[in-house]
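> Protein sequence lines, in the order shown, are assigned to chains A and B. Residue numbering for the first sequence is 1 to 314, as defined by our numbering. Residue numbering for the second sequence is 1 to 291, as defined by our numbering.
Worth flagging that the hints you see were computed from the coordinates, not collected in a lab. It is possible that part of the hints are untrue.
[Claimed, not checked] Partial chain A-side listing against chain B, Cβ under 10 Å, derived:
{"hint": "1", "residue": "Q11"}
{"hint": "2", "residue": "G88"}
{"hint": "3", "residue": "V144"}
{"hint": "4", "residue": "L153"}
{"hint": "5", "residue": "V271"}
[What the hints assert, rightly or not] Some residues of chain A that are not near chain B, with every Cβ distance over 12 Å (derived):
{"hint": "6", "residue": "F23"}
{"hint": "7", "residue": "R85"}
{"hint": "8", "residue": "Y104"}
{"hint": "9", "residue": "L110"}
{"hint": "10", "residue": "A138"}
{"hint": "11", "residue": "I255"}
{"hint": "12", "residue": "W273"}
Just so it is clear, the structure is predicted and the values come from calculations on it, not from any experiment. Glycine included, every Cβ here is placed at the ideal spot set by N, Cα and C.
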Amino acid sequence: MLRFIGTRMAQLAVVVLVVSLLFYWMLNLLPGNPCVAAFGGAATPEQIAECEQDRNLGDPVIVQWAKWGGDVLTGDFGKSYLTGRTFGEAITNALPRTLLLLAYSQFLALAAAIPLGLWSGYRQGSAGDKVITGGAFALLSAPVFVVGLVLILVFAVKLDWFDLGGYQPISEGLAAHFKVMFLPAVALAAGLLPIYLRLLRTDVIGTLQEDFVGTARAKGLPVRMVLLRHVLRPSSFTLLTIFGIQAAQAVNGAIVVEFLFDLDGVGSLLVSWVAAREFLLVQTLVALISAVFVTVTTVVDLVYSALDPRVRRR
Amino acid sequence: MTAAVTTVTRASRRAAASGRPRRSVALYVSLGWLFLVLASAVLAPWLGFLDDPHRPLAGQPEEGPSWSHWFGTDQLGRDMFARSVWGSRLSLSIAGPAVGIGVVVGGVLGVVAGYFGKWIDLAVSSVVNVALALPALVFALFIVTMLGQSFWNVTIAVTILTIPAIARIARAQALRFAAREFVTVASVMGARWPRLLFREVLPNVVPALASIAFLAMGIVIIAEGSLSFIGVSVGSPSITWGNILAAGRGRLEESPHIALTTGGVMFATLMALNFVGDELLRRLDVRETRI
Numbered sequence: 001m002l003r004f005i006g007t008r009m010a011q012l013a014v015v016v017l018v019v020s021l022l023f024y025w026m027l028n029l030l031p032g033n034p035c036v037a038a039f040g041g042a043a044t045p046e047q048i049a050e051c052e053q054d055r056n057l058g059d060p061v062i063v064q065w066a067k068w069g070g071d072v073l074t075g076d077f078g079k080s081y082l083t084g085r086t087f088g089e090a091i092t093n094a095l096p097r098t099l100l101l102l103a104y105s106q107f108l109a110l111a112a113a114i115p116l117g118l119w120s121g122y123r124q125g126s127a128g129d130k131v132i133t134g135g136a137f138a139l140l141s142a143p144v145f146v147v148g149l150v151l152i153l154v155f156a157v158k159l160d161w162f163d164l165g166g167y168q169p170i171s172e173g174l175a176a177h178f179k180v181m182f183l184p185a186v187a188l189a190a191g192l193l194p195i196y197l198r199l200l201r202t203d204v205i206g207t208l209q210e211d212f213v214g215t216a217r218a219k220g221l222p223v224r225m226v227l228l229r230h231v232l233r234p235s236s237f238t239l240l241t242i243f244g245i246q247a248a249q250a251v252n253g254a255i256v257v258e259f260l261f262d263l264d265g266v267g268s269l270l271v272s273w274v275a276a277r278e279f280l281l282v283q284t285l286v287a288l289i290s291a292v293f294v295t296v297t298t299v300v301d302l303v304y305s306a307l308d309p310r311v312r313r314r
Numbered sequence: 001m002t003a004a005v006t007t008v009t010r011a012s013r014r015a016a017a018s019g020r021p022r023r024s025v026a027l028y029v030s031l032g033w034l035f036l037v038l039a040s041a042v043l044a045p046w047l048g049f050l051d052d053p054h055r056p057l058a059g060q061p062e063e064g065p066s067w068s069h070w071f072g073t074d075q076l077g078r079d080m081f082a083r084s085v086w087g088s089r090l091s092l093s094i095a096g097p098a099v100g101i102g103v104v105v106g107g108v109l110g111v112v113a114g115y116f117g118k119w120i121d122l123a124v125s126s127v128v129n130v131a132l133a134l135p136a137l138v139f140a141l142f143i144v145t146m147l148g149q150s151f152w153n154v155t156i157a158v159t160i161l162t163i164p165a166i167a168r169i170a171r172a173q174a175l176r177f178a179a180r181e182f183v184t185v186a187s188v189m190g191a192r193w194p195r196l197l198f199r200e201v202l203p204n205v206v207p208a209l210a211s212i213a214f215l216a217m218g219i220v221i222i223a224e225g226s227l228s229f230i231g232v233s234v235g236s237p238s239i240t241w242g243n244i245l246a247a248g249r250g251r252l253e254e255s256p257h258i259a260l261t262t263g264g265v266m267f268a269t270l271m272a273l274n275f276v277g278d279e280l281l282r283r284l285d286v287r288e289t290r291i
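Work out the full structure, taking the sequences as your base and the hints as a guide.
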């Protein structure tokens, strides 16, 4: 097991390094001086010289990349030359919002997908199953911004149950917090729900054919207990794997949802930096996001193999 | 037999008996809708009854849907139906080449990896797995801003997104067919690898790729829609579905029809694409369908 973890960690490190080097190299292919761009075209020669010194622009790309990587690893994430705001300040403000949004949406998606998936798998072919699978299919086809717009229109504009005026931290009161966060979380969960549901349903249909399900029923266990105790358990592996894969995809949704609901999270930060041509910050943020995601996928893989030893032998 | 299992078998038999004709109807409706959307997108400049999408005061500003303006008008009085059709024109002309290139490049990579195996497979699979593990929109965003917000740059960005997903499915299909008897027989009869690959394996992978193309089309339309929704696709005054919706977002209170009509058309189109793709996969009995 230790050896397996070691190999996976080594692979992980290589992937992160390669991705960040690739990005750095791509940025260097851009025409023009990144330091001129960083000041939005209105810089004194001294400022540009200082920035060039800062970014080691005189060195070959690979040396620049190594120095930048060293800075990032020692906690120096750079700053905006335009506003003077550091990367750390911006991210400490934005990160909790995005993490909460992702956590709420994953919770909502799983909380809805598990009972619905179990039930529609158990009652495969019934009217209820058809409604559920049809609904899941429709949700799967709906882009997150269309779902979000409909949610805003119905629940915030027409019914006025929720607020739209930007993020409210938990310290402002739970009610205020959830009035702002609930709709974005639902919009994001709407994309995840059908993926979890369909997988679980397929799994359940397979598991129901197993002998141990028959035994459990023959013992006289109620259907609810059989589904939760015996049928859901083997499917938890599948759910875990897809959870890891979907974590990365959820960030795509988060960028759009944060934009739609004015949440100013990490996604909005990325979009605004991209728009302001803050390439140095964008590069650091993209490298960090990729690092986080490759780590999440690897950790999921490791948990998976700890739970199911058969995986390790592949 | 337990109650659970009997329910399942009886239910699936019922589904098999009754499902076929209704599914066919849905398939033809989907294909019909896709044809309608495609035809109106292609023919938009020559459709006489279609307003000029850029002309202000084609009607009263911010009017709801009516007989003369099917999708209503926006705050400048521009005809939303015309804008929606012209938006589909741009969205589809990005999605078309993107999926075409994606299927060819991804298909070749996947088939080669699946057929030859060994280090080629290892190289392709590891790149594909890394690419699939990264948040795609971040990359598309990055590429488009780096290269500039033009039609071809957006197309390049979304094409790159489709390649790994398609390659993965093509690889799985190639693996499946490379192990089949008819390939072994051909090989025993003295066929070399080009014949095995192009005459035995590839023809069996193509139908799967064709159905995947429908699903990939949906993904590309959503990706381009997301980019233009956050303002990072082809710049104004170009009309895309995404930027119509972004504009509609600001007017939800006064004129919800702006977002709802175009959103509805987009949703219906995506649903039709997914349905046709799923149905083809089902009829061709393709496994490993997740994209």
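> Evaluate each hint against the coordinates.
Do the hints match the structure? See the list:
| no. | hint | result |
| --- | --- | --- |
| 1 | Q11 | 8 Å, holds |
| 2 | G88 | 20 Å, violated |
| 3 | V144 | 8 Å, holds |
| 4 | L153 | 5 Å, holds |
| 5 | V271 | 5 Å, holds |
| 6 | F23 | 8 Å, violated |
| 7 | R85 | 20 Å, holds |
| 8 | Y104 | 18 Å, holds |
| 9 | L110 | 18 Å, holds |
| 10 | A138 | 6 Å, violated |
| 11 | I255 | 5 Å, violated |
| 12 | W273 | 9 Å, violated |
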